[in-house]
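Enquirer: Read the sequence shown against our numbering and you will find it ends at 1129, with the numbers running on by one and no gaps.
Treat the hints loosely; a few may be bogus.
The following label-pair restraints were derived from C-beta to C-beta distances [claimed, not checked]:
no., residue 1, residue 2, range
1, Leu958, Val1077, 48 to 54 angstroms
2, Arg1060, Leu958, 25 to 31 angstroms
3, Leu1109, Thr987, 15 to 21 angstroms
4, Met1116, Ala1062, 23 to 29 angstroms
Okay, derived cross-link-like pairs now, SDA-like style, lysine to any residue, Cα gap no bigger than 25 angstroms in a straight line [what the hints assert, rightly or not]:
no., residue 1, residue 2
5, Lys978, Arg957
6, Lys1108, Lys1039
7, Lys961, Lys1041
8, Lys978, His1025
9, Lys1108, Arg1038
10, Lys961, Leu1065
11, Lys1108, Val1061
12, Lys961, Ala976
13, Lys978, Leu1100
14, Lys963, Val1018
15, Lys963, Leu1050
16, Lys961, Leu1029
17, Lys1108, Met966
18, Lys1108, Gly965
19, Lys961, Asp1054
20, Lys1039, Arg1099
21, Lys1108, Pro1057
22, Lys1039, Ile974
23, Lys963, Leu1065
24, Lys963, Ser1056
25, Lys963, Gly1002
26, Lys978, Ser996
27, Lys961, Arg982
28, Lys963, Ala1105
29, Lys1041, Ser1056
30, Lys1108, Met983
31, Lys961, Pro1076
32, Lys961, His1024
33, Lys1108, Ile1030
34, Lys961, Arg1102
35, Lys978, Ala1105
36, Lys1041, Ala976
37, Lys961, Ile974
38, Lys978, Ser1056
39, Lys961, Ala1020
40, Lys961, Ser1056
For the record, the hints were derived by calculation from the structure and aren't laboratory data.
We treat Cβ as the ideally placed atom computed from N, Cα and C, and that holds for glycine.
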Amino acid sequence: LEFRLTDKIKWGMWGYSNLNILASKMWGRMPYLTMFIPQGNESFFMNMGGFNLVYEFTFATDQYVMASFDHHFDGLILQAFPIFRKWKLRSVGNFRLLYGDMSPENRVANALNLYENTNPGDPVRVIIPNRTPYMEVSYGVENIFRLLRVDAVYKLTHQLDNMPDWGLRANLIFKL
């Protein structure tokens, strides 16, 4: 079962926002590889549909809510500076959230792979984001050379030893 809400909200002179909410529930016993595994990102390119400071296969859930709020200020902040106005640069901000859980049946079936039951050297360490949701924010500039967006991304929760807490990400944007 899946519920999806996508909306573009116009704020007048304050810019516009893209809101995406996805919620889902899966039933039955299954291995973690067939559950919902959010997209991670181990590159320097911005992943607009996933999480930018999480490695692949970090989280696994069989019921979850995932949200993304991407705000485009349309020059509201950067237009105050003449050099940025000349280059037509625009500021952007983003918030992403993942909150999920795993049924007791699937916790038992996947107990050997769960983060709390593994050691730092183990190849598989799956986290269930049920106690603390995973959250990250970013702030950046778009319209660099009319096609590039660069964001500074910060992780608000789940500061783990093997993953960075912040990073720079770039994205190519083609707008007609």
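Enquirer: Taken at face value, is the distance from the CA of alanine 976 to the CA of lysine 961 at most 25 angstroms?
Expert: 18 angstroms, holds
Enquirer: Below or equal to 25 angstroms on CA atoms is what counts here, so check lysine 1108 against isoleucine 1030.
Expert: Given pair lysine 1108, isoleucine 1030 holds - Cα atoms ~23 angstroms apart, limit 25 angstroms.
Enquirer: Given the hint that lysine 963 pairs with glycine 1002, test it: the Cα-Cα distance must not exceed 25 angstroms.
Expert: Cα-Cα ~21 angstroms, so holds.
Enquirer: Hinted pair, alpha-carbon criterion (25 angstroms max): lysine 978, alanine 1105. Please report holds or violated.
Expert: Given that 25 angstroms is the threshold and the Cα spacing comes to 32 angstroms, the pair is violated.
Enquirer: Would the pair lysine 1041 and alanine 976 pass a check requiring their Cα atoms to be no farther apart than 25 angstroms?
Expert: 37 angstroms, violated
Enquirer: Holds or violated: lysine 1108 with valine 1061, Cα cutoff 25 angstroms?
Expert: Since the Cα atoms of lysine 1108 and valine 1061 sit roughly 29 angstroms apart, the hinted pair is violated (cutoff 25 angstroms).
Enquirer: Holds or violated: lysine 1108 and methionine 966, Cα atoms, limit 25 angstroms.
Expert: This hinted pair is violated, its Cα atoms lying about 29 angstroms apart.
Enquirer: Is the Cα-Cα distance between lysine 961 and histidine 1024 25 angstroms or less?
Expert: 10 angstroms, holds
Enquirer: Run the distance test for lysine 961 versus alanine 1020: straight-line Cα separation, threshold 25 angstroms.
Expert: Status holds; Cα separation ~14 angstroms.
Enquirer: Honestly, do leucine 1109 and threonine 987 meet the 15 to 21 angstroms range at C-beta?
Expert: 29 angstroms, violated
Enquirer: Would the pair lysine 961 and lysine 1041 pass a check requiring their Cα atoms to be no farther apart than 25 angstroms?
Expert: Cα-Cα ~22 angstroms, so holds.
Enquirer: Given a hint of 23 to 29 angstroms, does the C-beta separation of methionine 1116 and alanine 1062 actually sit inside it?
Expert: Given a distance of about 26 angstroms, which is inside 23 to 29 angstroms, the answer is holds.
Going down the numbered hints, you'll see the structure goes against 1, 3, 6, 8, 9, 10, 11, 13, 17, 18, 19, 21, 22, 23, 24, 26, 27, 29, 30, 31, 35, 36 and 40, while the others check out.
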